Amino acid sequence: MWKDSCGHFGKQSNELKELLLEIYQLLYAHFGPRNWWPGQGEFEIILGAILTQNTSWKNVERAINNLKEKNLLQPEKLRKIPQEKLEELVKPSGYYRQKARRIKDFLEFYFAPPISGKIQNLKKIPTKKLRKMLLEIKGIGPETADSILLYALGRPVFVVDAYTRRIFSRLGLVSEDIGYEELRKFFEQNLPRKVSLYNDYHAQLVELGKRYCKRVPDCKSCPLSSIKLCFEK
DNA sequence: GACCAGGCACATC
DNA sequence: GATGTGCATGGT
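Heads up: the first sequence begins at -2 in the numbering used here, then just goes up one per residue.
It should be emphasised that the hints constitute simulated quantities derived from the structure, not laboratory data.
If you're wondering where the values come from, they're calculated on a predicted model, not measured in any experiment.
Errors might be hidden in some of the hints.
Here are the simulated lysine-lysine pairs, BS3-like style, with alpha carbons at most 25 Å apart [what the hints assert, rightly or not]: (1) 121 / 74; (2) 14 / 55; (3) 74 / 125; (4) 115 / 125; (5) 101 / 65; (6) 82 / 135; (7) 120 / 77; (8) 88 / 65; (9) 207 / 55; (10) 191 / 55; (11) 121 / 135; (12) 67 / 115; (13) 182 / 126; (14) 211 / 182; (15) 82 / 67; (16) 207 / 217; (17) 115 / 74; (18) 65 / 55; (19) 120 / 14; (20) 126 / 191; (21) 88 / 67; (22) 191 / 135; (23) 182 / 129; (24) 191 / 125; (25) 101 / 77; (26) 14 / 135; (27) 135 / 125; (28) 77 / 88; (29) 120 / 88; (30) 182 / 125; (31) 182 / 120; (32) 67 / 77; (33) 14 / 74; (34) 101 / 120.
With the hints as constraints, model all of the structure from the sequences given.
Okay, structure coming up:
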């Protein structure tokens, strides 16, 4: 096996593209559609993306429900409440002081030009430029930015997380220390540029990771074991 | 009680 | 550029 300049291990491009689709199909057949973030508003999804940083979704739901109960799931309202109040409400999601600050930082960005508090203005910005703007906000790193782009705004950006890296390095398809950008390009260059596919693929990988690809892998019952790619360690 | 979760920023070498 | 650490609640 050779290693190319992008850091992933050798497979002919066509072979790789088929393999990535095959993996997705196996996951889909096994878990069914994940339906991540269906029918929610953009702003709620953005909050979720921030709140879920290194945190289980269950805890994020508690935080979001707190905000929902107080009818605060709107940027105008969240902007007005003091940070200490916001901290109390998002507490169940952990890192609550940081996260309250990050939400406030995002709101500052959101209400400043060129967005000026209007979601239509946000939607107008081209993906590449918007990604850059999001990354300039303190507390929004690559995964959070890409989650916002994909799940809140429907942009064709593949979201990469710790599970993605772990799963694909164990499959032997990429190096285990591949960087975020490289890994994202690995998917974007080898998958059809389709938002619905990116959306569900990432969600499937998270599901697989949670169940079978923790630090100690459970490769025997892993749905990918049928293609003999899952290393047993 | 240890380990983990849909990361990120910052310090230090 | 790589590696280490703080942040914090709640589940297994």
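Tell me, in ascending order, the numbers of any earlier hints that this structure violates.
2, 3, 10, 19, 22, 26, 29, 33
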